[in-house]
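Colleague: As they're listed, the protein sequences go chains G and W. Heads up: the first sequence runs through residues 30 to 601, numbered per the working numbering. Heads up: the second sequence runs through residues 39 to 371, numbered per the working numbering.
Don't read these hints as lab results, they were simulated from the structure. Quick caveat: nothing in here was measured; it's all calculated off a predicted structure. The beta carbon of each residue, even a glycine, is placed where N, CA and C say it ideally should be. Among the hints, erroneous ones may be present.
[Unchecked claim] Cβ-to-Cβ under 8 Å is the rule here; a few derived chain W residues that face chain G:
| hint | residue |
| --- | --- |
| 1 | Asp63 |
| 2 | Pro64 |
| 3 | Lys65 |
| 4 | Gly73 |
| 5 | Gly76 |
| 6 | Ser80 |
| 7 | Ser191 |
| 8 | Glu219 |
| 9 | Glu235 |
| 10 | Val236 |
| 11 | Ile242 |
| 12 | Val246 |
| 13 | Arg364 |
| 14 | Leu366 |
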Amino acid sequence: MTPFDETAAQPYRPRPPADPWEQVELALTLLAIDPRGLRGMWLRARTGPVRDRVLSGLALLAPRKLHPAISDEALLGGLDLSATLASGELTRHAGLLAEPGLKLLAMAERCPPGLAARLGQALDSVPEISLVALDEAAEEGEGLPPALADRLGLFVDLDSLSWGESREISLPRGAIATAQARLGAIATGKALARLTRVAAELGIGSLRAPLMALACARAHAAWRGSDAVEVVDMEVAVALALAHRATRLPEDAPPPDETPDPPPPDQQEGEAETQDPTPDLPDEGLIAAASTALPPGLLARLQAARVARSARAASGAGAARKSMRRGRPLPARAGKPGSGARVDVIATLRQAAPWQKMRRRLMPSRAADRLLLMPSDIRIRRYQDRTDRVLIFVVDASGSSALARLAEAKGAVELMLAEAYSARDHVALVSFRGQSAELSLPPTRSLVQAKRRLAGLPGGGATPLASALQTALEAADQARGQGMAPTLALLTDGRGNIALDGSADRAQAAQEAAQLARAIAAKGLPALVIDTSLRPKPALRELAGQMGAEMIALPRADARGLSAALGAVLGR
Amino acid sequence: MTPFPFTAIVGQDEMKTAMILTAIDPKIGGVLVFGDRGTGKSTAVRALAALLPPIEAVAGCPCNSARPADCPDWADVTDQHLVTRPTPVVDLPLGVTEDRVTGALDIERALTRGEKAFEAGLLARANRGYLYIDEVNLLEDHIVDLLLDVAQSGENVVEREGLSIRHPARFVLVGSGNPEEGELRPQLLDRFGLSVEVKSPDDIETRVEVIRRRDAYENDLEAFMEDYAPQDAALRERILAARAALPQVRTSNVALHDCASVCLALGSDGLRGELTLLRTARALAAFEGADELTRAHIRASAPMALRHRLRRDPLDEAGSTARVARQLAEVLP
Chain G
30 MTPFDETAAQ PYRPRPPADP WEQVELALTL LAIDPRGLRG MWLRARTGPV
80 RDRVLSGLAL LAPRKLHPAI SDEALLGGLD LSATLASGEL TRHAGLLAEP
130 GLKLLAMAER CPPGLAARLG QALDSVPEIS LVALDEAAEE GEGLPPALAD
180 RLGLFVDLDS LSWGESREIS LPRGAIATAQ ARLGAIATGK ALARLTRVAA
230 ELGIGSLRAP LMALACARAH AAWRGSDAVE VVDMEVAVAL ALAHRATRLP
280 EDAPPPDETP DPPPPDQQEG EAETQDPTPD LPDEGLIAAA STALPPGLLA
330 RLQAARVARS ARAASGAGAA RKSMRRGRPL PARAGKPGSG ARVDVIATLR
380 QAAPWQKMRR RLMPSRAADR LLLMPSDIRI RRYQDRTDRV LIFVVDASGS
430 SALARLAEAK GAVELMLAEA YSARDHVALV SFRGQSAELS LPPTRSLVQA
480 KRRLAGLPGG GATPLASALQ TALEAADQAR GQGMAPTLAL LTDGRGNIAL
530 DGSADRAQAA QEAAQLARAI AAKGLPALVI DTSLRPKPAL RELAGQMGAE
580 MIALPRADAR GLSAALGAVL GR
Chain W
39 MTPFPFTAIV GQDEMKTAMI LTAIDPKIGG VLVFGDRGTG KSTAVRALAA
89 LLPPIEAVAG CPCNSARPAD CPDWADVTDQ HLVTRPTPVV DLPLGVTEDR
139 VTGALDIERA LTRGEKAFEA GLLARANRGY LYIDEVNLLE DHIVDLLLDV
189 AQSGENVVER EGLSIRHPAR FVLVGSGNPE EGELRPQLLD RFGLSVEVKS
239 PDDIETRVEV IRRRDAYEND LEAFMEDYAP QDAALRERIL AARAALPQVR
289 TSNVALHDCA SVCLALGSDG LRGELTLLRT ARALAAFEGA DELTRAHIRA
339 SAPMALRHRL RRDPLDEAGS TARVARQLAE VLP
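Bound conformation, chain W alone (with noise of 0.2 Å):
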């Protein structure tokens, strides 16, 4: 099916500068989108897969390596071509086995040939993509903490079935969910770079403008498309512009002194705040042209870099956005 068209999505803007930014810089780690029913939030991101740049990689490698010296032996890639593919964008569906995330020992030419081979797995063809979970509060444990330990590696390893095969696995975490159908795991929500909360719009005419795009998208798909092709495309030439500028932000020591002063005011655990933070504010200042990174970008990405990090206080009534909010008053003004 066709993706809704990114610039096409009416409002929630804190929900698609944060994956433009995750787009600008895979380091920042991911997107966690948490919100209602209805919101969009799985629209969202299969429209971000359709805008991103593709990436060239070795035809025949299961694992999207760039270069044919990085495919895995047991791969036994016999294409070495490089070719432009589209970024990995892969699912992982709710009842995934583990045999299916890790790979496992390829049944087929086990029976067939009687040979001893491996078949990649979900976490393989996700390597220098995204991997995306809808409803990721409601994944088995047991696939959080696989999950977890390759995040944290940048490497599936697998010891099962007689097989030692390791291969790299370093992907941009999308999760979603909806948070009155369970908690995640502060592990796993550790693990996402940025976090958004998204609702439904309350005003009517806003309500109106997305009932009316998508039933345009639903009913009457090729006008539709061809209607935001240009903004989808002056939008991807942005990200590859802000892509090759990042370098070149200028990052004082005023800005440096600014992250670890929100860090510690909002009591965030370890240095992956203060990190995620900055490179946000990079990404950002790089997206918008600047030059230089200023108290205004670390100011704009606060919330959606740090919300999710805040140790959980449950006595404090106010949400972790408004204890964001309260601090940055307070230590940026």
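Excised from the complex, chain G in its bound form (with noise of 0.2 Å):
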């Protein structure tokens, strides 16, 4: 399949490649052309045999695995705890970060903030290091962490090919070596600026995406055996290093006030670059490119996935952590290594000191080691960590006072966060009208996210209670998995009358509602029903019973007295 066979026979036709599996094919051997360049690449592809033939065709670059839950000491380098006591002498060991060449990270979805940045950080300051993330989102919402997907360049999805449809992969060494040898020389013409334009059109904020989508085509041109680039590197360039970034296609153009025109296409530059070997074309080309290069549906799965993580993200360093690990250190414990706990080395140091000259005398064999360690003397390291809290607001937006009460739980959502840094509390916001409800807000603790999330909630329409405690319950349900311990708060003023099916049926609705509500209870979730009607409603109030949840009357409440009386349950 390389190109470089058939320009010998017949001239190569450059297109880019329509068959799928070619395209992952050509994604390989670019990176392995320009790690540098090209930073590595997100691999979205569930477990199996499709994706191991992709990576046993990595298998060239020798890539060293990493995985969510690595330690920083394995990462970052650090004590040799045996070969220092052994010798006597300070050993460290260096860490993955430490070693050049490509990494590939396992379930890189649940890659947590804190790796993420330091993964940027190593791919931004050394260019030896590039990496390999495999995405194995299951579910809407999940997705690569938004540092590292800026920061690879490539983007290869597995999950719409079949076993049927792949083949074995070899990269051919020497040929990947004789494109190496040519990228310096590769001129790249007007490509920088037309690449740029296209990821501008394409709505990609980061500048890191257009310096990555010119690597790639610069890779490409070094591969195709020329020394100049043309449109089909920068087609390949656009359906592998930009496509998946962008926020809007052509199909759904902005209007046109928002969009800058796009500047007259090299008008000003044509006549000092006669001899550019890339032909004019308009960039809707390339930019139709983008949208031929995705499976359907995809980008909308990125986008929710890309949503829905920076909100995860905005909880800051606040996820679910082991108290063996982090937090604020305790007292060292006697304890063994192993099953997460770290050795306190100087506690344990310090637990063997006085007894050294009593050992040497019973162990005359030893006599002459430095230390004498019994097991006795471990100590292991042990942190205190809190668990944060969230908040599930769960707002009725239905009938005539809908915006009223949204506008104030906005508010209250909003002041509650800008007081939740210090008690540590996240927020989220359930609304219910029409037919069903929805997580409006995941847990954050961004202030910044939330304004963009709440602005523009609609209101008006029946109210499905029942759907909205079963939302809430999800979504508490996914809090503790986590490591968050949820508390509802349930704003409403009415009874539902929307089944979980979505029928008007009120004495279904009552039912299920009720049902929900003795769930809630049984789960322990802690809750609260704050009735907003101005005459309180006894059927709330049994709801309320049901759910085992405080209740109080707060007929008008409004932003300020909302959060108070919240922050007074919640015993703040």
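Two chains, two frames, a set of hints: combine them into the complex.
Modeller: Shown next, in the form of structure tokens:
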């Protein structure tokens, strides 16, 4: 499949590969040619034989494996305890990031923001390091941390590929070396300006993107054996390095006043660069290459993941933590290393020190050893960490008073967030109206995020209370899974009139709401029901009872009143 | 890796000005750069490092003391020669442990020679220089606490593992981060003298120029550095001249009054806002070669000196930059 075989026999017809598997092979080849420029690859694929084929293709680059729970010590290096104690001299072991080469991050969608930031810093500062992130996201809303997605040049999606479409990959070592040698001499011509323009038209804000695209085009030109970047190279670059970052595609072109007019194509530079090997083509061709590069619907999924991910990441360093690893240090304890515990070397040495003379006498055979360490000396580190709380607002956006109430609820969310840092609280918002409820704001601690998501929440319609409780319950479960402690706050003035299946059956709606309320009580979720109607309704009190929730009546509650009442109930 | 030349950074004028002003007067107290991914935040910080004038320090001193008499006792400084060094710019990586920040028992010496000695940490190395924290909003809470304490006192005190050690730790704090990934604690926010918000340029020609220079830097390093060396040198000279001129900048009562009324109108907490605004405006005046502080200097400095000190009003939809601009228009017409 190398272009060189073909060029000899027949003129090589430069076209970006239409076959998706060829595109995968091409991406791997380009990464092998220029890992310094491309920095890495975002590989979206679940585990399976297709992915295994890709990984076996990567074997040429001898990747070192990382996993999301990797410790900083393994990553950045640290004290080699056994060697230190054995030799009596300080011995450090190098971290995985200290050695150059390709790293392979498995389960990249679970990569915590801290690890993403460290890897990002390494990618920025060490040109010899490159990274392939295996994104195994199975659900909507999961995805690669944006800090990594921004820094990895190439994107490959294997989810739409079947085993039948895939083939064995073996990267041609010789041809790659030939291409690498050409890399420095490739003329880029107008490719730089055009790729930058295409990136802007696709709504890509980061300036790393056009740089990566340029590296991709250059690598492809080198691979073809050309000495200049041509349109086909740019098409490949758009498909592999830009398309997945797009926040808009031509079919949903923005209103004309939003985008600056594309500058007249290369009029100013036209005369100066008559030797330019790049034929002039309107950028639309390249932009179209972006929309054909991705399977339908993928971009929407990526975007959903991006939003959810950044909302989740906005919770900062506050996700679940093991008390053996992070947090405020507590005095070290006797214990055994392993299972996540780290040895406190200093405490261990201090424990061993007073016994040295005695042990030397008791063990004459080892009297020459510098340090006589017994298993009972080992001290392990302990840390204390608080669980973060997440306050899930469940807000009734139905009916006539919806807009005012929604506005006050938004205000309360923002007020609570403003005070949230010190209290370590996250806030989420479930709004319900019409047929169903939705998680309008995933748990977050970021005011910026919250404002963005809360602006323009619609109101009005029927009251799907059961759906709201269900959504809230799911959100609470998920929060618990992430190690946070959820609390529900339900703001409503009425009773549900829409059942879970969307039908307007009051009896069924009430029954389902009661069921879910009992489920909430059974899960031991602390909850609070706020009745915002002018005359408190007994039905709501009954629901609160089933939920095991406290009930307060706050007619005409304003944002400050609301947040004060909540604060009081939550015991701040 | 050779840092990108400071003067080759396209646009981002407010960020560049803020960094230059802290280089002129370190008492302004550091810069916080918040903005989108891929806007060159860390590039600018590393570029600044290469631009800073060198300092004189005792050769063997772990905390860059200016005179032999200033060296801490525990350091046992044998080489007391004064040497010229680049201004230290120390990276504080995210996963850093408390030991590495403050310094700790020197395990090597404890093990091999049985001596109790202190191994200096990052804070000692950053003394008289810059401490840079990338992704500052993701830093562990207990490290933040520690930094706040040291930044406030200018001294690092270590009481642990049977050691009792103190040494000066005065540094300019530079942080960068992306606000979408988490907020910064208000106490830490207040520690930064200036704050700037960066976003990627939205006009195509500027973007193309950014990419062009970055590409040249990555693929033709030597020629590119040579192109910008004279400009970087000129800027360094200008910073040095401004440093020398700083004490001569006259500050009238009117200017003091202006500073106070802007801060009052904005309701910024405490007096740190006023002081920072005054220092920043004065450094700007010195940089521009003016011999008197004018209202224009104050107006230009106020956004970066004050935007992160406003009391947070989550119900105000406008961002803090807009709020500062609004009050400026009213108070300093």
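Colleague: Could you check the structure against the hints above and give me the numbers of any it violates, in ascending order?
Modeller: 1, 2, 3, 4, 7, 9, 10, 13, 14
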